[in-house]
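S.K.: Sequence:
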Amino acid sequence: MMDELEKDILRTIVWFSLSEYPLTAFEIWKWMFEPARTYTLRDVVQTLSASKELLRYVHEEDGTYTLREGTASVSLRRKRFSDALRKMTRARRVMRYVRCIPFVRGVGVCNTLSWMHTRSESDIDFFIMVREGSLWITRLLVVLPFKVLRARPGERKEDPLCFSFFLSDTSLNLEALALAPKDPYLAYWIASVLPLFDRDGVFSAFQKANTWVNKTLSNAYTREAIGEDRKTRQASEWFERCASRLQRRAFPETITQMANRDSRVVVSDAMLKFHANDRREQFRDRYQTLCEIYGLSSLDA
297 MMDELEKDIL RTIVWFSLSE YPLTAFEIWK WMFEPARTYT LRDVVQTLSA SKELLRYVHE
357 EDGTYTLREG TASVSLRRKR FSDALRKMTR ARRVMRYVRC IPFVRGVGVC NTLSWMHTRS
417 ESDIDFFIMV REGSLWITRL LVVLPFKVLR ARPGERKEDP LCFSFFLSDT SLNLEALALA
477 PKDPYLAYWI ASVLPLFDRD GVFSAFQKAN TWVNKTLSNA YTREAIGEDR KTRQASEWFE
537 RCASRLQRRA FPETITQMAN RDSRVVVSDA MLKFHANDRR EQFRDRYQTL CEIYGLSSLD
597 A
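Residue numbers for the sequence shown follow the numbering used here, so the first one is 297 and each next one is one higher.
Please note: incorrect hints may appear among the correct ones.
Label-pair distances were calculated between CB atoms; the ranges are [said to hold, decoys possible]: (1) N556 with N510: 26 to 34 Å; (2) E451 with K348: 49 to 57 Å; (3) T507 with E588: 29 to 37 Å.
Source of the hints: derived by calculation from the structure; they are not laboratory data.
As the structure is a prediction and not an experimental result, all values here were calculated from the model.
Just so it is clear, CB atoms sit at the ideal spot from N, CA and C, and this is done for glycine as well.
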């Protein structure tokens, strides 16, 4: 029978198997979800080396660990890492334009790119934080040029640019979006956002506003971006209202129908979140099923 540390290690490997992502010992320690107690990295390394129970379920390859019956592999991770490096170069070029918009306070990449684990057809997903009262005008200024260049999802097969999450700097706490009873996907998403541009420490403020994540990912830590000079603040409520009306009218029917019905698509003056294909519940259900197969406690426990 496995002890608590063995179960916590296996539970972490199970979660990342859903993304075909093999983990190093350090990553297992860092990304443990709700560990039973505080463990050191040495604890994890020693258990991975000595545990006969884990050996039944876990396979080690080149210093990474994955499920024996899973599809994750080092070669796959290397292939996706290489693709992500190429995408990151493109993302940084886009960021250099976006950061010139005076309302933008922070630009990050998220989803598979923040994990450096992308496919060639994967979107380059951006997370953008803006000054209060400028959400709509900022989105217009960000999205319009790339819409004209046909660089958006559905218009470009390789490396499409997806600007699906804009957030006001006064509404940084995302806990209200979490699925009940627990939402591991959202917790990992928040902890894994990779900053490309940070004005006046807005990413630090974002992490502080979401300290509830620390209860589930106690070993994760904030990623940092190189600081930038402060830009002159400009505001125009009239332009913001016009930008809001213009973009609302241009929303696809799917977005209009799903808006604010649940946490998948959120449309307000403080948050624009367009995750129509929100996979959080799907990931959580698959995770719970695998936990039951391996005799691990579920998220409801």
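S.K.: Each hint should be assessed against the structure and marked as holding or not.
M.R.: Checked hints:
1. Evaluation of the 26 to 34 Å hint for N556 and N510 yields a pass: the beta carbon distance comes to about 28 Å.
2. Here the CB-CB span from E451 to K348 is close to 53 Å, well matched to the stated 49 to 57 Å.
3. A C-beta distance of roughly 30 Å is found between T507 and E588, which places it inside the suggested range of 29 to 37 Å.
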